[in-house]
Amino acid sequence: MQKQRTTSQWRELDAAHHLHPFTDTASLNQAGARVMTRGEGVYLWDSDGNKIIDGMAGLWCVNVGYGRKDFADVARRQMEELPFYNTFFKTTHPAVVELSSLLAEVTPAGFDRVFYTNSGSESVDTMIRMVRRYWDVQGKPEKKTLIGRWNGYHGSTIGGASLGGMKYMHEQGDLPIPGMAHIEQPWWYKHGKDMTPDEFGLVAARWLEEKILEIGPDKVAAFVGEPIQGAGGVIIPPASYWPEIERICRKYDVLIVADEVICGFGRTGEWFGFQQLGFQPDIFTTAKGLSSGYLPIGAVFVGKRVAEGLIAGGDFNHGFTYSGHPVCAAVAHANVAALRDEGIVQRVKDDIGPYMQKRWRETFSQFEHVDDVRGVGMIQAFTLVKNKSKRELFADFGEIGTLCRDIFFRNNLIMRACGDHIVSAPPLVMTRAEVDAMLAVAARCLEEFEQTLKARGLA
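Mapping the sequence shown onto the numbering used here, position 138 (from 1) lands on 138, and the numbers just tick up by one.
All the pointers check out, no bait thrown in.
Computed cross-link-like contacts, DSBU-like style, restricted to lysine-lysine with a CA-CA straight-line distance of at most 30 Å: (1) Lys167 x Lys219; (2) Lys211 x Lys193; (3) Lys144 x Lys304; (4) Lys190 x Lys386; (5) Lys190 x Lys167; (6) Lys140 x Lys219; (7) Lys349 x Lys51; (8) Lys190 x Lys211; (9) Lys386 x Lys358; (10) Lys388 x Lys167; (11) Lys144 x Lys167; (12) Lys167 x Lys390; (13) Lys190 x Lys349; (14) Lys69 x Lys51; (15) Lys140 x Lys211; (16) Lys193 x Lys386; (17) Lys190 x Lys358; (18) Lys211 x Lys167; (19) Lys390 x Lys190; (20) Lys454 x Lys190; (21) Lys388 x Lys190.
The set of hints was computed from the structure by calculation and includes no laboratory data. Quick caveat, the model's predicted, so the values are computed rather than measured.
Start from the sequences, fold in the hints, and give me the full structure.
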């Protein structure tokens, strides 16, 4: 049982013992971490009693919202019956079998095989090994290089961070590892110049073709991309982009991998982002929404072509102690069933998603230093800009975004700054009234932000 402590006591212990991810520890410890103590629906409460609108669904993951008592009951029952067993050594258990069967029902045809991990990062590293093993089995061991995108995010393991295009991550740990290449992201606002979005989408996709030819088609194993770049700032490619990417990959016999860790399980209004963006991958990686963050679990969905190749190759020497952990699998099953049976994914497509997008654009398009207001389903963003008429960004990309984000946090609204992109991905169960309440707070925060810019001479 946790001890009841004051906020200052928790902060003191946190500073003394806890190393946070992606954090300047010295700076955090000086300021003190915010202590979250409870969640219900789309709201969080901190240790000082503040009620907070969670506009980020935790870390893009609490799709069904906080406080599902039925999930806790499922976890308790599974822990009492079989708290753990592995899936090595020719064994399985009912929880992982039932989850696998359910996932085969909700995924598009052709994705009948699933490999379990514990996170999105592990899913990506698993995928890298699968892709390379597949080509080995095909008698093409030279096809090793995976191509990602600059500003793409694929986790923070060595493989995932290398494949991702976050240069600040590459600066630590001698990354990327060999066999990783990158092309520019399909961000029309910055790179589209005088082209229409669809014209730019084709140009951006053909950067992949140029890279394949530069490396050599016989050496390229796969192209990997998020359908919509999440941590990169909710970069939504033009409609022409992904179909052209698919055409190019098929032309040169390069596998297509969709990183669905953020987009998957209803975020875009379809079960998976590739359905929304109009392409068919060979493999896709998931985590987050698979259990709505209630317990750590990820999964790699393997299309028929790759699955048959891997099976024909005999042992696939890869796995984790907790691959298909029975408690995580049971809770994930309850979550996926809720997304389907309670109509949550369909509601994002038909109701709350369109409402969010309408209100998001109405709210933010009016501001002087906000542009590229965008989104689909329940994932959306805007970009803070110096001059809208010139599509001019601020010089130190990210400094202004942090300033804006901090104003949101002080006003008990969690949104995220990805550079100078302000992004939001709240729980899919958010009501229309809660959308309105969130955006009313956000509008007040933007007014304060623009006043702050002027006061500091930054506008």
